[in-house]
Structure formats: structure tokens, C-alpha cells
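Asks: Chain by chain, the residues:
4 protein chains.
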Amino acid sequence: MHNIPVGVLGASGYAGRELCELVARHPKMSLAFATANEQRGQRATFGGDEVVFKAMADAPLETAELVFCALPHGASAEWVTKARDAGARVVDLSQDLRPGTGPAGIPYGLPELGRTELSGANVVANPGCYPTAILLALAPLIVAGKIPVGASVAVAAASGVTGAGYSPKPELLYAEVAENFRAYSVGNEHRHLAEVRAVVTSLGGDLDVLFTPHLLPVARGILATITVPVTEEISQPAALWRSHFRGEHFIRVVDSPPALRDVVRTNSALIHVSTAHGMRQPTLIVLCAIDNLVKGAAGQAIQNANIMLGIEESLGLTA
Amino acid sequence: MHNIPVGVLGASGYAGRELCELVARHPKMSLAFATANEQRGQRATFGGDEVVFKAMADAPLETAELVFCALPHGASAEWVTKARDAGARVVDLSQDLRPGTGPAGIPYGLPELGRTELSGANVVANPGCYPTAILLALAPLIVAGKIPVGASVAVAAASGVTGAGYSPKPELLYAEVAENFRAYSVGNEHRHLAEVRAVVTSLGGDLDVLFTPHLLPVARGILATITVPVTEEISQPAALWRSHFRGEHFIRVVDSPPALRDVVRTNSALIHVSTAHGMRQPTLIVLCAIDNLVKGAAGQAIQNANIMLGIEESLGLTA
Amino acid sequence: MHNIPVGVLGASGYAGRELCELVARHPKMSLAFATANEQRGQRATFGGDEVVFKAMADAPLETAELVFCALPHGASAEWVTKARDAGARVVDLSQDLRPGTGPAGIPYGLPELGRTELSGANVVANPGCYPTAILLALAPLIVAGKIPVGASVAVAAASGVTGAGYSPKPELLYAEVAENFRAYSVGNEHRHLAEVRAVVTSLGGDLDVLFTPHLLPVARGILATITVPVTEEISQPAALWRSHFRGEHFIRVVDSPPALRDVVRTNSALIHVSTAHGMRQPTLIVLCAIDNLVKGAAGQAIQNANIMLGIEESLGLTA
Amino acid sequence: MHNIPVGVLGASGYAGRELCELVARHPKMSLAFATANEQRGQRATFGGDEVVFKAMADAPLETAELVFCALPHGASAEWVTKARDAGARVVDLSQDLRPGTGPAGIPYGLPELGRTELSGANVVANPGCYPTAILLALAPLIVAGKIPVGASVAVAAASGVTGAGYSPKPELLYAEVAENFRAYSVGNEHRHLAEVRAVVTSLGGDLDVLFTPHLLPVARGILATITVPVTEEISQPAALWRSHFRGEHFIRVVDSPPALRDVVRTNSALIHVSTAHGMRQPTLIVLCAIDNLVKGAAGQAIQNANIMLGIEESLGLTA
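Protein chains in written order, with the numbering used here: chain A, 6 to 324; chain Z, 6 to 324; chain L, 6 to 324; chain R, 6 to 324.
A couple of the hints might just be wrong.
Said to hold, decoys possible - Quick partial rundown of chain Z residues pointing at chain A, CB under 8 angstroms, derived from the structure:
(1) A29
(2) V223
(3) L265
Hints are computed from structural coordinates only; laboratory data are not their basis. Beta carbons are placed, not taken as given, at the ideal position from N, Cα and C, and that holds for glycine.
Using the sequences and the accompanying hints, generate a full structural model.
Replies: Structure follows, in C-alpha cells:
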């Protein structure tokens, strides 16, 4: 069996480095090249293999059967086209091609919401980290039609700092983040909302999401805490999620509230559902935990690539 | 002017130690005694003064004009009575005497919601840490009648580990808490809810609170993120809070989302209000940050004592 | 080829849990049973497999070909004998059988210092975490006879809190450890010293070790910073270590000072050697970083078991 | 009594901000101006007072009686001269004027080593953070002539990240520092060594310092762990330090190894001395803990200014 040569565009960020690591350890992939403009010429080691970062302009796109594009939002679409023209399949991790902001017709790579368009696709838009957690938590309820039309769904989510990228901003310094916690993009200002809304609509939902992200003093992990009104009391709400995600390798519906520790360094999403007591409006609390760099970025990109290429979906990933 | 002799019952916990420190540094108080059953006979230094912890049974209650009772829930009410019988005024930090769980008629020591019953009181019930943050955030809106009757108010709050007390439980070990985050008491199971509900009702509110607390990998601080539907769009919502809390020394209505750093080691509550965009139901996001050990416990107890004794309310406290 | 059934005695501590995880993921081992007296009857998941912890008294020793004994110091030797009598090979992680404190004749399982006694052994004493780091750092210099007789070697080492075990002591609570750092067992009082001294002597060294351990606000990892006088200036000191450890899978002599990050969750030891400038007495600084739970405990135990059983030494371990 | 108007040059860094805070809270000082080139025009609040940062070129030096110069090394000396020419007394926090690198004749502001040159001085060189900890630890032994001539003194010191300044370098990001630990400037390469050596010599010492600094995952604090050979066994070694520092407000010789927690946010230095057992060469371990931003920078600068101006030395500082 031959190894699939893989290129990573934008390997210096946290998602890019995680991708290189996952590719290097993947039993059916090998890292053909990795670009990192500002670190070009520098050596890095992934899975025991050494790589020399290339400038973007020197990316040997034609040598890769598969390209992961982990470039900044806005800079990515152009390189997806170049990689396609060079003959590679592409998983794009930016926001450029996603529902809500990108062009129509690009398959959305959240496999547990649907795989038919992913299998054999040439380009897949990899979801954002927050949308992954929020949509996995809400999809079973939306699809089952259990959320009242026009309802407000409150999402308080908290992310580790790698979600903000490997950018040396003062507010991401250790001495600013440690022993601290704060909300940001308050008032529905986060750029991931368009993606969430578009996918909610495509699933048949008609609801308003109020999304308040927070910055946690941890390196990795997202926990979404979601308050969602339902049309009627549901006696065993977790059963709905268990049924919806039956057979999914990376989704676990758990009996205790999930902790970031349970998912960090894995491609798993842990979901916990409970009924809110003492409410006149029947309401559920849905918790969803993922690793923002794995299921929320690089791991999901590998999962998508496995599907696109017809490889076993979980290959090279930890559940 | 003479110094007021103060006793602290239950000085080994985080709130008790913070109380001892604040009393020792207070310009008009001095630490007469401190009890800590399991550490009796041990020395501790507060504000440069050394204290030897006494057993509860040896507490010289009659030597104190003021007693802070920081005993565990359930063990406190009895000692409040003993201290009263010995002639001291008492601030009780436990849940035993609070609205919702305690007997009627005990003044509730959240001064910014009303001081008339506190001035000259002999016994005051000091609020819980979460209720302090939640009630300060909601009170202006409740009093103004801006929340629809029967509305659901979603509170996602996160607290530092000192909120769980100085108890050597495995789940509070460094290696379990660091780089982790999780919700607990999910589904409206937290014991602070009764207190919140009772005070909301006393303020004239008729609403359902859905409270989901989380454990943060920080030592101190609480941030409450509150989603609250309102009867109509409010163009300058922060003005309502500014007006309600005008003249309050320890409340700041701020223009940027508050961080725990902004309040840690102070008695201040920082409140931020914004309108959630893109919602059919007009909705506000109210954020409130406090230090759980100061405004959420020991600092507020000092503030209450200052009021009870007719001392300047902010004395011995940092804003 | 069949899987080797493995028992873990003392599976509730950090080292015990790490062992269960490594055994469950090992390609040629399977977890036959795990004991945890205080958690008997509880379920735990390792490598995707569920285990029910047994009481010590119910340990089915006869079902295991290999037993890892991760019991507290003092309680271990007795169970090593029982497991031997039941026919299993045993790796003992306690201090009970180690050089300096245990009986003579038990092979010492620091493979990079010598494997001949380990191959085929029935019982191996697994080294302490600090001794592993210190001895790997010093061995090449001792064996080469480059340390002056009677010299003082200063070892300042820092360990993550899992080194202190999964014991709910107040001083290991998050709020006590975070943003803190301190030395302990100061003045050569640490119980690991006897082990270090005995092995130094067995390597032919005649020197005095001054060992000052510190508690780091991290979960995992040890960094030993060692100041060692040498008999003469050595122009390329790292070459001595590279030569000594040639072919070793888990030792890397590195050009930049190692960080804990570089070794955490791996069985590797990273060593860095440099000359101290401006000293009248020729002096080297040797740095050695390991994960205290892997190369310093459970990983090294697997490595020893692989050698005892004649399996490939690195199987089931990450370099 | 009038307030002394104070200017702070370089107020955006961690030391500069700490200085502004201490000045604003000082009972006899007030913050006349603060410069921060890149943040010019921005508002900041210190001790409840708001300040607008000025560009360096707009610093109204003539309005200040006292100027703290917290500019980067190399940029400072020139501004010390300008401030002097404008008539202010100056405490310089950079390395530019310190012993070992600066010109001769500038008083060195480590008051516990000597105050005569500081009282009434116009310019004082404030010590580095590491030198403060190391020199306070060693001075009593040097002055007492207890260290053998030519001896090697091994200093392993660890500092919180604010010691590296408020500079957005990737290696200071939260996700790089948390759960990590590493040595740097290994092999006696740290720029603070010249300062340590010059002061050791001026105290009459003839010894070689081997200094290995480490980066801790904490915001603040330095712990120096010092191994020092002595000419003979000293039965009660702490007595030497207690005697040497008798009457010092900010030095405490303690019986238990100091933790960073004990000194953070104070101007105190805690020193612990013990005999290393089992060594042929009589050897002491001296531990010294300070807050790098207070006693190691801004607090010591205030202490120096108090002495220069004839104010009570401890005014505005916490012990």
C-alpha cells in the first residue's frame, strides 16, 4: 500500500503544527512539504520526521495528492484554487469557504451531520472550532423538530488560548491569561455566528443563537454550555442524542458533565444533556466538549480527508 | 477612637483566612481571636500580627464586639446564637440564615440592594458568592420591570477553585484542575438557587433562573454571563445600571467586558451590559465579575459590618 | 502471537493509572486486572477498555504473567513476593527493593545504565523519578572518570505535582500550587538520595550529591539542573553523552536546553550539556528532562517489562 | 505636607505599570506624568487615578521632582541625564548604570547592602531582579569571610514570566509557558552576571558564581536556590543572616523554605539557610524568594526613592 503525499500550507500556527503532527503519524499519509512564510528555512520535527519549512511561493503543490490549507482567513481561497489546479484534493481550514461566508456548493466537513457530499469531494470546508461544538450539540434537537420556532438558544462557550492562534498579541501572554477569564465578542459579534446560523438553517432549524465566547486560561479545549427551550418536556433527553449519533466513532453521549481533560488530544466530542429543573418553559442544558485543535480543526480535517479519499474514517486519529 | 475587637469563627478555610487578613488590616478593627478546630494551637500571621488558632469550644465570644461566622453550612446557626448571647454583633457567612433557606427576618447583607435593615442590625446574613454576582447583575432590570413575566434567564457562571473551599478533595488537586474546565450541578441543582430565587422575588421579579456553574482553573474570581430577555429593545442599556447604582463605591458599570483580573483582591463588582444582535426576542447580555473571596464573601462581610457599626462603609476595603 | 495478561496493583494513583493506560494500549499486553482498595468496585476506562477495580485481597494474581506493583513505599515488598509465588514476573515501582534501601541482588531497572541483569529477570526494581533524571545525566561522566574524587555535585531539580501522588493533601490543592514555587526536603533530606548514592557508587563514582527538589506548578515533568566539577576542561562535552548513549532509543542529547514540553507524555529523556564560563574550577552544567510519570515511573516500568519478557524494548512507548 | 510629583518613563512594561501603581498609592507621592511611546494618548488607571500616557518626546520632565526611568537597557542612560538636567532626582531601573556595566560612581540601590551613598543621592541605579535575590542571599556569608577563596557558588534561580517584560514574543504566550519549565542562558551567559560579580567583589568576595536561570509558569516571583561551600561547619547558620539583617524591614530569615506566594505583591525578601547533610565539603543551601516586580524592580525603586528623599524607607510599600 502506498503512502499518500500530503502538503500543509500554513504550518506555523497551532492548527498547522497539529496537522503536520497528525499527518506524520498517520499510517497512510506522509508529509511531503509544509509552508511557513516567516519560518521558511527552519527545521521542525513531526512524529520523529524532520521537515524544513518552505516559503508559500515555493510550495511544490504538484507533489501532493492532498493539501491542507491552514492559512489565515482571507488568504486561503486563492491557495485552495492553486492546489486544486495542481491536482490535489484540498481540505480548507479557513473560514473562506464555509457556509455563511463562502460560496455556495462547497461541502461542509462536519461528518457527523452528513457524509454523502464529502465522500469523493475534491474540496471540503473544515468547520470552525466553536461551530463544531455548537452544531454537534444542537443538531439532534433541530432535526427532531423539538425547538420552538423562533426560540432563543443561549450558547456560553469557553475556549483555550490556542483558539486565538499562534500570534504574539500582548493579551495572549502568559502573565495576561493565567488566573484570568473573560468574555469577548459579546453581543453576538463573533465571526463564527454566520457559519452556525447557515448550518442551523440547512438542518431545518428556525431559531436565534446568542453566542458568548470566553477565553480560558488553558492551552486547549472548548466547552459549550447551551440553554435551549424545547417544545415539551423530554423524559430521557440523552436518548435523542444517543439515537442520532448511533455508530459514530467520535461522539460520546456521557452521563456526567464532560471536562476538557476528557477530550484534549483526541478527536472526540463529548455531549451531556440534562433537563433544567424548576422552569416554566421546558428547557434542556446541552454541554459539548472538544479539543479545539483536534475535533475543532486538525483532527476533523484528517477525518474529512480520510472520507474524501475512501480511507477508514478514524485512521490516524484518537477517540 | 478605639479599635473594635473582632472574632472569626472558622478561620482555616479560604473565606475565614481572608476575613482574618481584612480584619487585621482594617483601621478600626483588631483580631481578638480566631478559631480553627483542626488547626488549634497553630500560629498564623495576618497583616503582620500573629494569631494562635483556638478550638471552637474555647472561643472567648465575650471578648468580641463583632463576630464573623465562617463555619460550614449547617454548623453555623448555632454559633450565631451563642455569639449573640455573648453580646456580639454577628455577620454569618454560611447559607444557614439566608433567604430561601434560613428563617424569615434576618437582614440580607447585599448592601447595594438595600441598606436600611443592615444599619444597626445585630445579625446579618452574608450572601453567597454566586448570588452576589447574579443579583447585582439582574437587580436594576428587575426593579425597572423590564423582564417579561415568566421569562427564562440563563446564567452561565464560572468560579475559581477557592469557591469550593479549602477541602482536600481529589478533584481540587492541582493536577486535576489545571488545564481543565467543566460544569457542575448542571440542571439547576446548585444550592445557591434558592437564595437567588428568594431575592429575585423580594425585588418584585417573576422569572425563572437557569443557573449552570463551572469550575475554572484559577484560584479566585467569578464571572457570571447572563442572558436575559427584555420587554423591549433598550437603546442604551448600560444607563439603567449606571443610574441604579449611582454613588455606589464598589459597583462599576464598564464599557469593556470585565476580566477576573480587574476585580481579584478587590471588593468591586464590575458589570457590563450589551444588546444581543440578531435576536427576534429583545435580549441583553449582562456580565458581572467579582472576587468570590472578597465581594463574594469576606470583603462583603466587612462591608456589612461597617454598615452595622456605623463606620464608613468602604473602610478597610479596596475598590 | 498471544497477548500477555497483566495485573496492576495500586491502580488509583497517578503512576498506577498511567500504567493501566500504557498496558491497555500496548500491542502485546492486555489488562487482566487492576486493584485500588479505596475505589474497589468502581469502573475506569483505559485505552477504550473498561476495568472494574478490585480490592487488593481479591487480586487474581495467578491470572497474570506480569504484575506491576505500584503500591506505597513499605507496602510493596510483600505483594511482590505474593505475585512471584503466583508465578508472575514483577516490576516493582516502590522504593522497597531499590539500591540503597532494598535488599541486595534485585536488578535495578534503569536500562540505559545496563540491561544484562534485566533480560529474563523475575523481579525488577523500577527507579525513582528523580534518580532516573539525575543518574542519566551523570552516568557518562562518572563512567569516564571525569569527576574529581570527593567532588560536590549540586542538583537543583523541579517536579510537577503528580510526583507527589494522587493524595488529597491541602498543599497540593490547585489554589496552593498555582502561581507558586518552592523547594522542599532542603539540606539533603529527600528519600531518593540513598538510591542515587548507591547507584553512583556502583558506577564507580566517589562524589557527594547535594539534591534540592522543588515543586513546580505543572502536572507532569521533571527538570534536573546539575552543576558538576570536572577534572579538566572538556572542549565538546556533549560528545561524551552522545557516545555513551549511542543507539539508545529513549535518550536524546540536545543542542538547546530541554523544556518539560519536549518530554511530557513520552518515555524520552532529553539531556543538554554545556561548559560554565568564567569558572576557575572547570565545571559542566548538565540538564535532564523527563516525564516523571512515564520515563520516571510507568513508561520505564513498561520498558523494563519489555526487556524482561524479551519483547522489543520500545514497544508500547512513545519516544 | 506636600506631595512629591513623580514622572515614570516607560510606563507600559510590567515594571513601569507596577511603578505607576505604587506611586499612585504612595502617601507622599503623586503621579505627575507617565510615558509610553507605543501607547501614547491611551488612558490607564492607577490607584484609582486616571493617567494619559505621553510620548517620550513630550515628557514634561521639569514638572517632576522625582523620575523613575524604566526604559529598555541601552535607551535609559540618555534619559537619566535629561531628567537630571531638568532638576529631578532619578532612579534608573535599567542595566545601564549598574555596577559591572555602567560607569563608576553611581550609587547601587540595594539598601540592605548599604545606604550611605543612597541618602541624598541624585541618581541611583536600581538592581536587577536576579542580582537582588542572589546578593541578599550571599552578602552575609561574603562579609563574614566564610566562603573559601575561589570557591564555586551554584545558583539555580527561577523567575516568573513578567521578568521577561511585556513583550509579545511567541515563547511568552500562555500556550507556550503553561505546564512548561526550562532553563535559559545556560553556561553563565546571563547579562545579570556582570552585576552580581561586581557587587560580590565590592563586598570583598573572591568566588565564582555559576548562574542558571529558569522560566517558571507563574506571572511573578523569583526563587534563588544557592549552593555555597563554606570554610567550616556552621552550627546555626541562619543566625549569621539574622544578625547581618537585624532591623531590616523587608528581610525575613525564615525557618521553612519560602514559597513565591509568601512574597508576591510585597517588597519582602525571604531567606532560608540550611546545612547540606552528608557532604565532605561543608556546604550551605541558601534560598531567597522575592517578587521580581516589587523587591526586584518597582518596589525597590520606591524604597530607594524614599531613602534619597529622606522619607521613611518603607512608606508606600508592603512588607
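Asks: Compare the structure with each hint and give your call.
Replies: Hints and how they fare:
1. A29: violated (24 angstroms)
2. V223: holds (5 angstroms)
3. L265: For L265/Z, the interface hint holds, since the closest Cβ of chain A sits about 5 angstroms away, which is under 8 angstroms.
In summary, the structure is inconsistent with hint 1 from the numbered list given earlier, while agreeing with all the others.
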